[in-house]
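Enquirer: Listed here are the chains, written in short residue letters.
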Amino acid sequence: MKFTLPALLAPDRQADRVVPPSGFTAQLTLFTAGAMAFLAVFALALSLASGRLADRWASALAGTATIRISAPPEQLDTQVAAVLALLSTTPGIASARALDTEEQRALLEPWFGPDLPVDALPLPRLIELTEAAPGYDSQGLRLRLSAEAPGAVLDDHTRWRRPMAQAAERLRLLGALSLILIAGSTAAMITLAANAALSANLPVIRVLRLVGAKDAYIVRAFVRRFTLRALTGAAIGTVIAMIGIALLPQADEAGAFLTGLGFQGFGWLLPLLLPPLTAIVAFAATRTAAFRTLKGLT
Amino acid sequence: MIAFENVGFNYGGGELLSDVTLRLAPGSFHFLTGPSGAGKSTFLKLAYAELRPTAGRVTIFDRDARMMSRDDVALSRRRIGVVHQDCQFLDHLPLATNVTLPLTVASRKGDAQDLTALLDWVGLGKLADALPPQLSGGERQRAALARAIIMSPDVILADEPTGNLDWEMSLRLLTLLVELSRMGKTILVATHDMNLIRQAKSQLAARVLRIQNRRVQLAGADL
Chain A
1 MKFTLPALLA
11 PDRQADRVVP
21 PSGFTAQLTL
31 FTAGAMAFLA
41 VFALALSLAS
51 GRLADRWASA
61 LAGTATIRIS
71 APPEQLDTQV
81 AAVLALLSTT
91 PGIASARALD
101 TEEQRALLEP
111 WFGPDLPVDA
121 LPLPRLIELT
131 EAAPGYDSQG
141 LRLRLSAEAP
151 GAVLDDHTRW
161 RRPMAQAAER
171 LRLLGALSLI
181 LIAGSTAAMI
191 TLAANAALSA
201 NLPVIRVLRL
211 VGAKDAYIVR
221 AFVRRFTLRA
231 LTGAAIGTVI
241 AMIGIALLPQ
251 ADEAGAFLTG
261 LGFQGFGWLL
271 PLLLPPLTAI
281 VAFAATRTAA
291 FRTLKGLT
Chain B
1 MIAFENVGFN
11 YGGGELLSDV
21 TLRLAPGSFH
31 FLTGPSGAGK
41 STFLKLAYAE
51 LRPTAGRVTI
61 FDRDARMMSR
71 DDVALSRRRI
81 GVVHQDCQFL
91 DHLPLATNVT
101 LPLTVASRKG
111 DAQDLTALLD
121 WVGLGKLADA
131 LPPQLSGGER
141 QRAALARAII
151 MSPDVILADE
161 PTGNLDWEMS
171 LRLLTLLVEL
181 SRMGKTILVA
191 THDMNLIRQA
201 KSQLAARVLR
211 IQNRRVQLAG
221 ADL
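Protein sequences appear in the order of chains A and B. Numbering follows UniProt numbering, with no gaps: position 173 of the first sequence is 173. Numbering follows UniProt numbering, with no gaps: position 179 of the second sequence is 179.
For reference, chain A alone in the conformation it holds in the complex (with noise of 0.2 Å):
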């Protein structure tokens, strides 16, 4: 007789009745499963979205930091043309221009208007820098400012978002842990059940014993038997979580956090994996408990 997954799933109507039915057992499986596939779908969608996170904020790591000048208004091209030049040359920087006056009042419209009168203002003057891998020396570059320059300032306002990347990557990583310790505890509960089930139907399993039946067969009627409800409690668990996350309201602008919960095209395909990969894990438990069990039947 196979003992694969797909025999496994074979209908036996025999063999499956030589099992009595055990509703306590049944109901805890069908519940653990549906209850542990409903959490794993929270945690990969929130795997997913500290991924998400992460990678934005990182790929903000790699964008650009501003030099800000101020100086008397004659020294003030002086000062522009030297910081540039300091720039070409500094590793770690891809590329750096200073931003005209049409770009400077584009900054300020959304706080004092479009009526501004930039060149009547004695506004400092920004230069742009791109970022190259693996980064400039940000401390070198100050103190090479203050000696060509006097009156830039570097403002790398992106270093602050180096901690919050590294938090969202341990998010992503505690949701994938999260899924390990589901899986886990899946397995526990479902051997549990098994266990159960099998201490109870110790009478049957002798007479099928008795009467001839090798251990493939009684182990596959229990087997059988808790990998589908494992496969029906996590389909359901997961179609439930599914349509909980769908009613999340959507990322707006601003991408706040909660609110990108969710999966994004093929993600929404991830979650269809769970239900197979339990009814797999309760494939494994049930095998292992069935078997372990009849080795101290003779």
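There may be inaccurate statements among the hints.
Unchecked claim - Residues from chain B that keep clear of chain A, each with C-beta distances beyond 10 Å, as calculated: (1) Met1; (2) Asn6; (3) Gly13; (4) Thr33; (5) Pro35; (6) Ala112; (7) Gln113; (8) Leu135; (9) Ser152; (10) Ser181; (11) Ala205; (12) Arg207.
What the hints assert, rightly or not - Below, in silico cross-link-like pairs of lysine to any residue (SDA-like), each with a Cα-Cα straight-line distance of 25 Å or less: (13) B/Lys45 to B/Ala3; (14) A/Lys295 to B/Glu50; (15) A/Lys295 to B/Arg66; (16) B/Lys126 to B/Leu171; (17) B/Lys109 to A/Ala216.
Don't read these hints as lab results, they were simulated from the structure. Even glycine gets a Cβ: it sits at the ideal position worked out from N, Cα and C.
Fit chain B to the given chain A structure using the hints.
Expert: Same frame as chain A, now just chain B:
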């Protein structure tokens, strides 16, 4: 069929059987007697490989029992019908399904007419759909016998099969065993019911073995 060669068995608390040498020849009919706790059930369990000897060798269908895998044991039990005093069934399944259980686990199809004939033969034709808990002690024993022989086994081992039965029912069961013996089956019945043994010896040539002082001996003419 089944042979014991210098077999000993120790449960851990002392030797129960010692230096037992015996051969159950094809078509033979043996009774096994002895006081309670003498080792009759242990002897039978050794004969169908539920227990392995701690000394000597038990050979079942020319295979050393100690060398048999679990699947080998299962296959050998399809050729050995076992009837216990306290026979167990699958209580959630009807009698007919219980009786055909050996066919089911062997993935063999049974003939409905054969099943009906078998149940009629053991006097349970009208109880095919009854659940085991609904059967009396005698009906359960006869159901166990029907289950034991449905695969047409070469050997039938019965452990105190009449222990829970009245005399009339015991005779009925004995008659069935005698008929099976006449069909060429090898039969071993463990019992301490001397009247049953006398009754059987009046119908066929049965050998009587007695377990005494941990050894199996051929009983004398005192029966």
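Enquirer: State for each hint whether it applies.
Expert: Results of checking the hints against the structure:
no.: 1; hint: Met1; verdict: 16 Å, holds
no.: 2; hint: Asn6; verdict: 22 Å, holds
no.: 3; hint: Gly13; verdict: 19 Å, holds
no.: 4; hint: Thr33; verdict: 23 Å, holds
no.: 5; hint: Pro35; verdict: 25 Å, holds
no.: 6; hint: Ala112; verdict: 15 Å, holds
no.: 7; hint: Gln113; verdict: 20 Å, holds
no.: 8; hint: Leu135; verdict: 15 Å, holds
no.: 9; hint: Ser152; verdict: 13 Å, holds
no.: 10; hint: Ser181; verdict: 22 Å, holds
no.: 11; hint: Ala205; verdict: 29 Å, holds
no.: 12; hint: Arg207; verdict: 26 Å, holds
no.: 13; hint: B/Lys45 to B/Ala3; verdict: 13 Å, holds
no.: 14; hint: A/Lys295 to B/Glu50; verdict: 12 Å, holds
no.: 15; hint: A/Lys295 to B/Arg66; verdict: 15 Å, holds
no.: 16; hint: B/Lys126 to B/Leu171; verdict: 21 Å, holds
no.: 17; hint: B/Lys109 to A/Ala216; verdict: 19 Å, holds
Consistency with the previously given hints is maintained throughout, with no hint failing.
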